[in-house]
Each structure stands twice: as structure tokens, then as C-alpha cells.
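2 protein chains.
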Amino acid sequence: MVKYRKEDSTSYALGTTLVIELLKRRKERAVRLYISPKQNKDSTYETLLSLAKEAKIPVIQNNEKIFKDLSGKDNCMAICEFKKITETLEENENHVCLVNPSNLGNLGTIIRCMAGFHFLSLAIIRPACDVFDPKTVRASMGALFDVKVALYDSFEDYRKEFPNHALYPFMLQAKTPLKKANKRYPATLIMGNEATGLPRDFLNVGTPLLIPHTDFIDSLNLDNATAIALYEFAAETF
Amino acid sequence: MVKYRKEDSTSYALGTTLVIELLKRRKERAVRLYISPKQNKDSTYETLLSLAKEAKIPVIQNNEKIFKDLSGKDNCMAICEFKKITETLEENENHVCLVNPSNLGNLGTIIRCMAGFHFLSLAIIRPACDVFDPKTVRASMGALFDVKVALYDSFEDYRKEFPNHALYPFMLQAKTPLKKANKRYPATLIMGNEATGLPRDFLNVGTPLLIPHTDFIDSLNLDNATAIALYEFAAETF
Numbered sequence: 000m001v002k003y004r005k006e007d008s009t010s011y012a013l014g015t016t017l018v019i020e021l022l023k024r025r026k027e028r029a030v031r032l033y034i035s036p037k038q039n040k041d042s043t044y045e046t047l048l049s050l051a052k053e054a055k056i057p058v059i060q061n062n063e064k065i066f067k068d069l070s071g072k073d074n075c076m077a078i079c080e081f082k083k084i085t086e087t088l089e090e091n092e093n094h095v096c097l098v099n100p101s102n103l104g105n106l107g108t109i110i111r112c113m114a115g116f117h118f119l120s121l122a123i124i125r126p127a128c129d130v131f132d133p134k135t136v137r138a139s140m141g142a143l144f145d146v147k148v149a150l151y152d153s154f155e156d157y158r159k160e161f162p163n164h165a166l167y168p169f170m171l172q173a174k175t176p177l178k179k180a181n182k183r184y185p186a187t188l189i190m191g192n193e194a195t196g197l198p199r200d201f202l203n204v205g206t207p208l209l210i211p212h213t214d215f216i217d218s219l220n221l222d223n224a225t226a227i228a229l230y231e232f233a234a235e236t237f
Numbered sequence: 000m001v002k003y004r005k006e007d008s009t010s011y012a013l014g015t016t017l018v019i020e021l022l023k024r025r026k027e028r029a030v031r032l033y034i035s036p037k038q039n040k041d042s043t044y045e046t047l048l049s050l051a052k053e054a055k056i057p058v059i060q061n062n063e064k065i066f067k068d069l070s071g072k073d074n075c076m077a078i079c080e081f082k083k084i085t086e087t088l089e090e091n092e093n094h095v096c097l098v099n100p101s102n103l104g105n106l107g108t109i110i111r112c113m114a115g116f117h118f119l120s121l122a123i124i125r126p127a128c129d130v131f132d133p134k135t136v137r138a139s140m141g142a143l144f145d146v147k148v149a150l151y152d153s154f155e156d157y158r159k160e161f162p163n164h165a166l167y168p169f170m171l172q173a174k175t176p177l178k179k180a181n182k183r184y185p186a187t188l189i190m191g192n193e194a195t196g197l198p199r200d201f202l203n204v205g206t207p208l209l210i211p212h213t214d215f216i217d218s219l220n221l222d223n224a225t226a227i228a229l230y231e232f233a234a235e236t237f
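First to last, the sequence lines map onto chains A and B.
Quick note on numbering that gives the first Met the number 0: the first sequence kicks off at 0 and runs consecutively.
Quick note on numbering that gives the first Met the number 0: the second sequence kicks off at 0 and runs consecutively.
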């Protein structure tokens with residue numbers, strides 16, 4: 000049985016739409032393409048074959064089992080195995096830094112939202128869930144292929160590499176509301192774990208910011224908070 | 000086997016935290032409380048019993064099967080059955096109007112975010128997924144018990160009932176970016192279906208607004224877009 004594991008050097012894009020995004024945007028990462036024996040020989044099929052040819056990867060069309068193993072969905076007609084690659088983030092671009100994210104779906108949604116607001120560099124501080132998990136890839140709707148990802152063992156490691164970034168930790172204990180933030184760029188928006196938020200000592204890092212909310216809730220959920228932060232910091236020149 | 004169905008007149012809050020929220024905030028809706036035979040006789044147990052007594056509802060402690068049927072999670076120790084009730088929305092409050100929402104989890108997250116920004120009235124235009132589904136209740140983290148919900152068969156029905164609300168449909172085809180919106184209150188933020196957005200004729204409704212994003216993505220996801228809209232329209236007096 001084929002099963003994705005965090006320690007593997009490759010992961011999988013599941014479903015035709017995602018596979019096409021991968022082959023169009025990051026063909027150098029593609030390793031091999033699986034097309035379901037159930038896929039009609041239609042224009043989508045032709046597109047897949049031609050993209051695989053451009054990417055110079057083998058096409059396997061008789062492996063029905065891998066679709067059951069990896070997707071379990073009847074409508075998954077294409078799977079592309081791809082190399083997991085982390086990159087060096089851009090010095091002059093805005094970053095998001097996620098400290099110990101734990102939810103695969105949230106992580107994908109955040110990446111989608113980052114791409115939407117032209118934040119194309121993501122630092123992840125370990126321990127963290129696996130940014131290359133097929134669930135995260137799917138939740139990102141392909142945006143993972145537009146965003147550079149770098150992993151760090153500690154926030155200090157990240158900070159040393161990018162000393163010129165203006166740091167904005169988002170914390171319930173912060174005093175400055177997001178709307179009053181003095182925004183400087185390149186900016187790093189720092190978000191904590193879904194359940195626990197950022198450790199208290201981030202109050203001493205850069206300019207901690209608060210997204211004010213009512214007492215009806217304990218906190219906004221992580222991807223909503225990140226979406227709001229991205230929206231407010233986005234340049235809006237797109 | 001106990002199975003929740005959309006047509007039932009009651010639904011279920013699963014898990015101790017959610018059950019306590021329900022019994023504290025909307026005890027008049029509670030019907031009966033199930034406590035798992037595995038629940039320790041600790042202070043949580045005492046709290047549950049005392050809240051059930053206040054709510055004057057029966058407590059069932061020997062029905063292990065309902066936990067398997069409804070939750071399937073080993074750590075679910077309390078379930079509260081509650082009456083599904085729709086209400087009349089407040090004339091002078093801000094509303095969110097969701098047109099044909101289809102994702103149970105998204106819907107719950109949106110409700111949580113609404114409560115966080117003091118939007119306590121939700122209009123849902125059918126067809127729509129079931130706002131009282133246990134999955135939505137759970138995703139709302141109890142915020143569903145703070146938000147009034149009304150269901151409508153058409154947007155026109157909603158509009159007739161609240162002729163004084165300033166209407167803001169969020170659409171990719173809109174010309175006015177959210178940041179330039181002339182905000183009037185009480186406001187209704189109108190959001191479309193996850194996959195299809197709002198029908199084009201909403202361009203003729205109120206002031207259509209756009210959340211600008213890059214071409215890297217087709218759209219923001221619904222709950223992120225709603226979170227951003229709520230953040231921008233929130234009074235921030237909390």
C-alpha cells in the first residue's frame with residue numbers, strides 16, 4: 000500500500016486541477032504522473048499527457064490501487080508525485096512566520112490566502128505539521144506551488160537570517176490594535192499555534208499587534224486571523 | 000442507531016466544552032444531557048450535573064452507544080441534545096447574509112468570527128447546508144449559541160423584511176474595493192456560495208464590494224473573505 004509519510008522526500012498532488020497547477024507552475028518538481036484507468040480520453044487527458052511530456056516525467060496509467068491508497072475519492076483521476084523542496088526566502092519580500100502550526104487544513108488555507116495577498120515567503124518554526132502533506136497541498140488549492148517555504152528549528156534562527164524585517168507578532172496580550180499599526184516593510188507577520196497562540200515572550204519581539212474581538216469568543220481561528228493580518232498589510236497594488 | 004438528520008427538530012452539541020457553553024448560554028434550548036459512563040466523577044462532572052439541574056433537563060449516564068453513534072471520538076464525554084430554533088433577526092443590528100452556503104465547517108467558522116466581531120444576526124438563503132448540524136455547531140465552538148439565525152427561501156424575502164439595511168454584496172466582479180467602502184449601518188454583508196460566489200445580479204444590489212487579491216488564486220476562501228469583511232465593518236468598540 001502506498002501511504003504518504005512525513006519523512007518521505009516526495010509528496011502527492013491529488014486531483015486533476017491540482018496536478019495541472021503543479022505541472023504548469025513547478026514542473027521541475029514533478030517526479031511522475033499517475034492517470035486513473037477510469038479517466039476518459041478527453042481534452043483533460045490530452046492536457047495531462049502534454050504537460051507530463053513537457054515536464055519529462057513518466058506517466059503511469061494502469062495503477063488503480065494508488066488512487067484508492069492515496070485519495071479514496073472516486074472522482075480523483077490524476078495524481079502527481081512531486082519532490083518536497085524547501086527554499087531560501089527572499090530578503091526583500093514580506094514573510095509570514097508560523098510558529099508551531101498543527102493543523103494541515105489551516106496551513107493550506109493560510110498558504111492560499113498568502114498567495115492571494117502577494118506574501119510569497121513562508122517561514123515555519125518547528126515543531127510543526129507537515130507543509131507538504133497531501134491534505135495541505137489540497138487545501139492550498141495549488142498556492143503551495145507559488146509560495147517559498149523554509150523550515151527553522153527556532154524563531155531565533157529565522158530572526159538572525161532576516162535582521163531587516165519589521166516583526167509583527169499577533170497576540171491577544173498585545174496592546175496595539177492592527178488598525179493602528181505603523182506598518183513597515185519588508186514585514187514578517189508572526190502567528191502562533193492554533194490552540195495556544197504565541198509564547199508570551201513574543202511580547203518583546205518587534206511590534207506585537209492585536210486584532211480586537213468581543214468576549215463571545217476566546218480567539219479568532221488561526222486562518223481567519225492570518226487572513227485579516229494579510230489583508231491589512233497587503234500593498235493592494237494588484 | 001442514533002443519527003442526526005437535517006429534518007430532525009433537535010440537534011446535538013458534542014463534547015464537554017460545547018455542552019457547557021450551551022447550558023450556560025441557551026439552557027432553554029437544552030432537551031437532555033448524556034454523560035459518558037467513562038466520564039470521571041470530577042469537578043467537570045459536578046458542573047455538568049448542576050447545569051443540567053438549572054436547565055431542568057434529564058441526565059442520561061448509561062448510554063454509551065450514543066457516544067459511538069454521534070461522535071466516534073474517544074474523548075467525547077458529554078452530549079447535549081438541543082432544540083433547533085430560528086429567530087427573528089434584530090432590525091437595528093448588523094447582519095451577515097449567506098447565500099447558499101454549502102460547507103458545514105466553513106459555516107461554523109463564519110459564525111465564530113461573526114460573534115467575535117459582534118455581528119449577532121445571520122440570515123441564510125436556502126438552499127443551504129444545515130446550520131444546526133453537529134459539525135457546524137462544533138466548528139462554531141459554541142458561537143452558534145450567541146448568534147440569531149433566520150432562514151429565507153429567497154434573498155428578496157430577506158430584503159423585504161429589512162428595508163433599512165445598507166447592503167454590501169461581496170463579489171469578484173465588484174468595482175469598489177473594501178478599503179474604499181462608504182460604510183453605513185446597520186449593514187448586511189452578503190456572501191455567496193463557496194464554489195460559485197454570488198449570482199451576477201447582485202451587482203444591482205446595494206454597494207457591491209471587492210476584496211482585491213492577486214491572480215495567484217481564483218478567490219479567497221469563503222470564511223477568510225467573510226472574516227476580512229467583518230473585521231473591516233466591525234465597530235471596534237469591544
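Incorrect hints may appear among the rest.
Said to hold, decoys possible - Straight line, CA to CA, 20 angstroms or less: simulated EDC-like cross-link-like pairs of lysine to aspartate or glutamate:
hint, chain 1, residue 1, chain 2, residue 2
1, A, LYS147, A, GLU92
2, B, LYS178, A, GLU231
3, A, LYS52, A, ASP41
4, A, LYS23, B, ASP214
What the hints assert, rightly or not - Only part of the chain B face toward chain A is listed, based on derived beta-carbon distances under 10 angstroms:
hint, residue
5, MET113
6, ALA180
7, TYR184
Hints were generated in silico from the structure; no laboratory data involved.
Being a predicted model, the structure only gives us computed values, none of them experimental.
Glycine included, each C-beta is placed from N, C-alpha and C at the ideal position.
Taking the earlier hints as the rules, which of them does this structure contradict?
6, 7
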